[in-house]
Amino acid sequence: MNYVQLEKLGEGTYATVYKGRSRLNNEIVALKEIHLDAEEGTPSTAIREISLMKELRHTNIVRLYDVIHTESKLMLVFEFMAQDLKKYMDIHGKRGALDPTTVRSFMFQLLKGTAFCHENRVLHRDLKPQNLLINKRGELKLADFGLARAFGIPVNTFSNEVVTLWYRAPDVLMGSRTYSTSIDIWSAGCIMAEMITGVPLFRGRDNNDQLTQILKVLGTPDDATMKRLVNDSPEIQIRPFPRLFKVPFQQMFPTAHPLAIDLLEKLLKFDPTQRISADEALRHPYFTTSAAVAPQPHAGTGSSLNMGNGGSAALQAQQQQQQRAAVQAQQAAQQQAAAVAHQQALAAQQQQQQGVYMQTGPSA
Numbered sequence: 001m002n003y004v005q006l007e008k009l010g011e012g013t014y015a016t017v018y019k020g021r022s023r024l025n026n027e028i029v030a031l032k033e034i035h036l037d038a039e040e041g042t043p044s045t046a047i048r049e050i051s052l053m054k055e056l057r058h059t060n061i062v063r064l065y066d067v068i069h070t071e072s073k074l075m076l077v078f079e080f081m082a083q084d085l086k087k088y089m090d091i092h093g094k095r096g097a098l099d100p101t102t103v104r105s106f107m108f109q110l111l112k113g114t115a116f117c118h119e120n121r122v123l124h125r126d127l128k129p130q131n132l133l134i135n136k137r138g139e140l141k142l143a144d145f146g147l148a149r150a151f152g153i154p155v156n157t158f159s160n161e162v163v164t165l166w167y168r169a170p171d172v173l174m175g176s177r178t179y180s181t182s183i184d185i186w187s188a189g190c191i192m193a194e195m196i197t198g199v200p201l202f203r204g205r206d207n208n209d210q211l212t213q214i215l216k217v218l219g220t221p222d223d224a225t226m227k228r229l230v231n232d233s234p235e236i237q238i239r240p241f242p243r244l245f246k247v248p249f250q251q252m253f254p255t256a257h258p259l260a261i262d263l264l265e266k267l268l269k270f271d272p273t274q275r276i277s278a279d280e281a282l283r284h285p286y287f288t289t290s291a292a293v294a295p296q297p298h299a300g301t302g303s304s305l306n307m308g309n310g311g312s313a314a315l316q317a318q319q320q321q322q323q324r325a326a327v328q329a330q331q332a333a334q335q336q337a338a339a340v341a342h343q344q345a346l347a348a349q350q351q352q353q354q355g356v357y358m359q360t361g362p363s364a
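UniProt numbering applies: residue 1 is where the sequence shown begins, and numbers increase by one.
The hints are simulated quantities; they were obtained by calculation from the structure and are not laboratory data.
Now the in silico label distances, taken between C-beta atoms and shown as ranges:
1) Gln251 <-> Lys73: 49 to 59 angstroms
2) Asp90 <-> Asp206: 20 to 30 angstroms
3) Ile47 <-> Pro285: 40 to 50 angstroms
4) Thr70 <-> Gly219: 53 to 63 angstroms
5) Ile91 <-> Asn26: 23 to 33 angstroms
Treat the numbers as computed from the prediction; the structure is a model and nothing was measured.
Glycine is no exception: its CB is placed at the ideal position from the N, C-alpha and C atoms.
Make a model of the complete structure from these sequences and hints.
In structure tokens:
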């Protein structure tokens, strides 16, 4: 083999990832060794990832260099990326939260990569901080296309067991199998919120609890929205649910710029048909108003979070205070919404015949 394994970086259900080096040019690479089953052969996730990543060439998508397949081993060779977004937030963030400039830069790059996938009729279907990789130049790239799928016309029917629970769109939680690019947009909105506050926006224990967490923030959708969702996805199941009211995003993200909040609102629409597209999001004033050009990649060592040379202790303290306030405000808003929901649920028990009907898929 033309590559040497240097150290183990991580291990999952389907693969183990190593840091490696090319024997040919000494380039540092990432080696993803797929776990092969003697009876089942090559996993479908690996076949899917290889076929899609050979076609997807973009600055904000991790590059697949080579595929090594023998009787006993399948190895994918990728460009090496220093860390994922989750680790970046843990290391460079203040309690996990990133500064506004970094959030803006990473969101721009995330949406660029997502838009390219969608333009090429590919759904990623598992966007989360752990699947967004960052190199030493501050470039963010989409990775792990094991759950990705090509889509076309007519609308394909897919599995609803996709996307890590906390980043799963409500229509998928309710059992929809006819989703499209909007599921990636929802995940991107969840990631943006997490970069702002340092904590995941919705942290459900299972499908039903995740949907409940979403409704406590976005409120119960109106009858027209529910009718449209049912018409689009007849497989959705129905159960009674009390009416909940929306928590203002300004209250949940008090330190965020109004344009950032406006973009979040458009990414996190309950109705998938109302979510902004990745291409539209890239033209949002959040990216175009504050500067004449789109934000450039924001290197980890040059981040405004690392203020040793040019920053002041006072400014650092102010940023920390603002970020703590954002997290506390989000938690307070969710607690307030939960209290209101409890009161409304008690009242709803007395009038279930006139209750609002919610749809939900089976628990994960």
